[in-house]
Amino acid sequence: MSSVSHEGLLPQVEQAILNVLCEAAHRLQRSSGFIQRLNKTSGVTGASFVQMLVLGWLQTPDASLEALVQFGEEVGIHLTGQGLDERFSEQAVTLMQQVFEVALAQVVMADPVAVPLLQRFAGIVLEDSSIVRLPDAFADLFRGCGGSQEGKGTASSFKVFVRLEMLRGQLECSSLLDGRHAETRTPFRTSSSVSRTLQVRDRGFADLHRWREEAERGEEVLSYYKAGIHLLTRQAESLDLLAWLRQVESQAELEVLVGEQVRLPMRLLVERVPDEQRRQRQARQRQEAQKHGRCVPLESEELAGWTLVLTTASADLLTVSEAMIVVRLRWQIELLFKLWKQDGLLDEWRTQKRERILCEIYGKFIGLLVLHWLLIVGCWHQPHRSLPKAAKAVRSRAILLAVALSGGMLLREATRRIQRATARGSQVNHRRKAPTTSQMVESGSNVWANHPHPPKKRGRKKLNHS
Numbered sequence: 001m002s003s004v005s006h007e008g009l010l011p012q013v014e015q016a017i018l019n020v021l022c023e024a025a026h027r028l029q030r031s032s033g034f035i036q037r038l039n040k041t042s043g044v045t046g047a048s049f050v051q052m053l054v055l056g057w058l059q060t061p062d063a064s065l066e067a068l069v070q071f072g073e074e075v076g077i078h079l080t081g082q083g084l085d086e087r088f089s090e091q092a093v094t095l096m097q098q099v100f101e102v103a104l105a106q107v108v109m110a111d112p113v114a115v116p117l118l119q120r121f122a123g124i125v126l127e128d129s130s131i132v133r134l135p136d137a138f139a140d141l142f143r144g145c146g147g148s149q150e151g152k153g154t155a156s157s158f159k160v161f162v163r164l165e166m167l168r169g170q171l172e173c174s175s176l177l178d179g180r181h182a183e184t185r186t187p188f189r190t191s192s193s194v195s196r197t198l199q200v201r202d203r204g205f206a207d208l209h210r211w212r213e214e215a216e217r218g219e220e221v222l223s224y225y226k227a228g229i230h231l232l233t234r235q236a237e238s239l240d241l242l243a244w245l246r247q248v249e250s251q252a253e254l255e256v257l258v259g260e261q262v263r264l265p266m267r268l269l270v271e272r273v274p275d276e277q278r279r280q281r282q283a284r285q286r287q288e289a290q291k292h293g294r295c296v297p298l299e300s301e302e303l304a305g306w307t308l309v310l311t312t313a314s315a316d317l318l319t320v321s322e323a324m325i326v327v328r329l330r331w332q333i334e335l336l337f338k339l340w341k342q343d344g345l346l347d348e349w350r351t352q353k354r355e356r357i358l359c360e361i362y363g364k365f366i367g368l369l370v371l372h373w374l375l376i377v378g379c380w381h382q383p384h385r386s387l388p389k390a391a392k393a394v395r396s397r398a399i400l401l402a403v404a405l406s407g408g409m410l411l412r413e414a415t416r417r418i419q420r421a422t423a424r425g426s427q428v429n430h431r432r433k434a435p436t437t438s439q440m441v442e443s444g445s446n447v448w449a450n451h452p453h454p455p456k457k458r459g460r461k462k463l464n465h466s
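Sequential numbering of the sequence shown, starting at 1, is according to the numbering used here.
One or more hints might be untrue.
Computed cross-link-like contacts, DSBU-like style, restricted to lysine-lysine with a CA-CA straight-line distance of at most 30 angstroms [stated by the list, open to error]:
id: 1; residue 1: 291; residue 2: 226
id: 2; residue 1: 291; residue 2: 338
id: 3; residue 1: 341; residue 2: 389
id: 4; residue 1: 338; residue 2: 353
id: 5; residue 1: 291; residue 2: 353
What follows is a list of derived Cβ distance ranges for each label pair [stated by the list, open to error]:
id: 6; residue 1: 289; residue 2: 89; range: 46 to 54 angstroms
id: 7; residue 1: 174; residue 2: 408; range: 32 to 40 angstroms
id: 8; residue 1: 283; residue 2: 233; range: 29 to 37 angstroms
Calculated from the structure, these hints are not laboratory results.
Note that the Cβ used here is the ideal one computed from N, Cα and C, for glycine as well.
Build the full structure now, drawing on both the sequences and the hints.
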């Protein structure tokens, strides 16, 4: 399917880019205090400054001051590296933060991807959060979780909550919040979706009252089971989970009531994991418990041998095997976070200057939103898309947007070129022995149930662009 057939999607991303990098940046330049009077010699305006930072870091996430001012020539800025450094002020931070908030409000989406399993729902929304650690000196702005991590202080960090709709690619992000902000207090707690939307979340977001409200609105929930959630049989008798699991051979489901007070009707879906994966889970449990001077409860050790999922979706919508496939889609949002941090370097900067760090964070984040909008219109229609490969195509052509915004070419021509590039060579490699999640989603077959994929290694690793 060629990108030409999706050219009708370009106007919405072009409008979003203009809203953020031109209109908002110009409108906010004086109210933020960034521009007191225009300096025609330097060419610095609110719009040109924002465009230089956003698109410059989008193209080269580790760009130096000298590289940024070289890029700035494309948008009409004439500064030295030292001159740019002097522009990183409290007023510049205010401008970048306010433009970031405008970027968060933009809506860009593709046509629904043609995958029958996903199209059973009006939408499939993944929700998660990510933390970026900051220097301790930022604790007055963003409070961290305290303690230490890999020998580094965590007095300051920010957390961002994200919702990714898998059918159309729409991305929703929160403002930057304190790193200690609890997942159950997500800003999307009261957000509603259309009926028949499937909400997919990790166990950290388990909130029985929220699940009940979503069920009352006709939405469906799919979540990993969280230890401690009270389960009852449909006859309102407490369920002995371990005793029931000991009777299960490999895969099963049971209709339950969830929560001693809420008693929400759901399906409990379980699947036994390979012995190697069970041992790895138990080893991580012991390591975590030892770190905090605790012992691993017997129940937790036994549950490590199972994948347990709760859902309000009926068996007509999702079989056990299909639910185990769809819940693994949650990894797609983890891959998005890796793309932001490992490729976009959202958590890295080349300075200790407070204002410059904040400008870099907001500038890179705006650039990552622009990147995602372009991925939506470029490759989201491909079920087997590789976001790292497509993102590489966007980054190498970010300068086209700068040229277009300064009048050197039509914005439509720039976005069209980027769209065509992202549609080519941006698919994950087909695997026969260890099928990718996208292969299983497309086929509707849970291959891992019979031929388990090796457990994923935890921690940060480089994304594969090959």
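Q. Against which earlier hints does the structure fall short, listed by number upward?
A. Of the numbered hints given earlier, the structure breaks just one, which is hint 5.
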